[in-house]
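*Asks:* Chains as they are written, first to last, in the numbering used here: chain P, 1 to 132; chain Z, 1 to 126.
Heads up, a few of these hints could be off.
Coverage of chain P stretches by chain Z, computed from C-beta distances (three or more under 8 angstroms per stretch; other residues unrestricted) [stated by the list, open to error]:
no., segment
1, 23 to 33
2, 38 to 45
3, 81 to 90
4, 108 to 114
Rather than coming from a laboratory, the hints here were simulated on the basis of the structure. Beta carbons are placed, not taken as given, at the ideal position from N, Cα and C, and that holds for glycine.
Here's the letter readout for the chains.
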Amino acid sequence: MSTNERPLSPHLSVYKLELPMVLSGLHRITGLALAGGSILLVSWIVCAAHSAEAYAGMSRFLGSFVGQFVLFGWSFSLIFHTVSGIRHLIWDTGKLLEVEQIKRSSVVVLALSILLTLVAWFLAGGYPGGGA
Amino acid sequence: MKYRSPLSRARGLGSSKDGLHHWWMQRLSAIGLLPLVIWFVVSIISISGQSHAEVIEWMKSPHHSVLLSLFLIVTLYHSNLGLQKIFEDYVQARWLQLAARIVAGFAAVLLGFAGVFSLLGLAFGN
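Let the sequences and hints guide you as you build the complete structure.
*Replies:* Pasting the structure below:
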């Protein structure tokens with residue numbers, strides 16, 4: 001009797017990939033990214049408080065290609081996790097839980113997050129991959 | 001403990017040792033973070049591209065240093081609650097799960113103190 005070949009829960013591969021499940025995973029992944037991003041936030045504050053040289057070094061990193069990529073991912077994570085978090089808080093009240101409502105609100109959450117991220121970068125005068 | 005019935009164990013919160021507290025604090029900190037995130041994003045947009053002196057000036061003003069400290073503390077607290085759930089869900093070995101939770105908790109406290117003390121140093125001049 002083999003016990004190794006049985007499919008194990010959560011059977012991710014047997015379901016068609018749908019937006020609500022992607023966003024559910026993305027909420028957790030962006031949350032994890034933001035926990036890591038808090039190290040960046042503290043580094044930025046500590047560098048600013050420490051000296052002009054330390055701050056210049058931090059600014060150089062944030063302005064580099066890698067730094068801009070990290071900042072873009074971080075800003076999207078913050079905005080997405082916030083918008084998606086609001087939907088989670090609404091769900092906690094028992095509203096918007098019908099399947100069709102979840103599908104429609106998923107599109108709204110994702111579109112709004114992308115839009116707000118781009119607006120924030122436009123207003124900040126920076127763009128991903130370029131100098132801020 | 002072995003004389004206790006299952007119902008008695010459940011009332012004493014059983015093997016989980018904890019009940020609603022984590023769930024409730026995660027929601028409360030999330031609600032607290034909503035205005036702080038909006039303030040933070042708007043602030044970062046307004047100071048982006050500014051010089052070190054201008055950023056320092058922004059950071060040391062009383063209401064900015066208070067709000068930035070609050071944003072940092074509540075973010076670290078909320079992150080720690082989330083990380084705890086992630087470790088519980090994906091780290092199977094009990095000792096490793098406990099170790100990960102302890103390390104993440106210590107890291108959050110360290111980051112919080114480092115950030116807040118830097119802001120206090122700026123606010124009260126050094």
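*Asks:* Now tell me, hint by hint, if it's right for this structure.
*Replies:* Evaluated hints:
1. 23 to 33: holds (count 3)
2. 38 to 45: holds (count 5)
3. 81 to 90: holds (count 5)
4. 108 to 114: violated (count 0)
When held up to the earlier numbered hints, the structure conflicts with hint 4 and nothing else.
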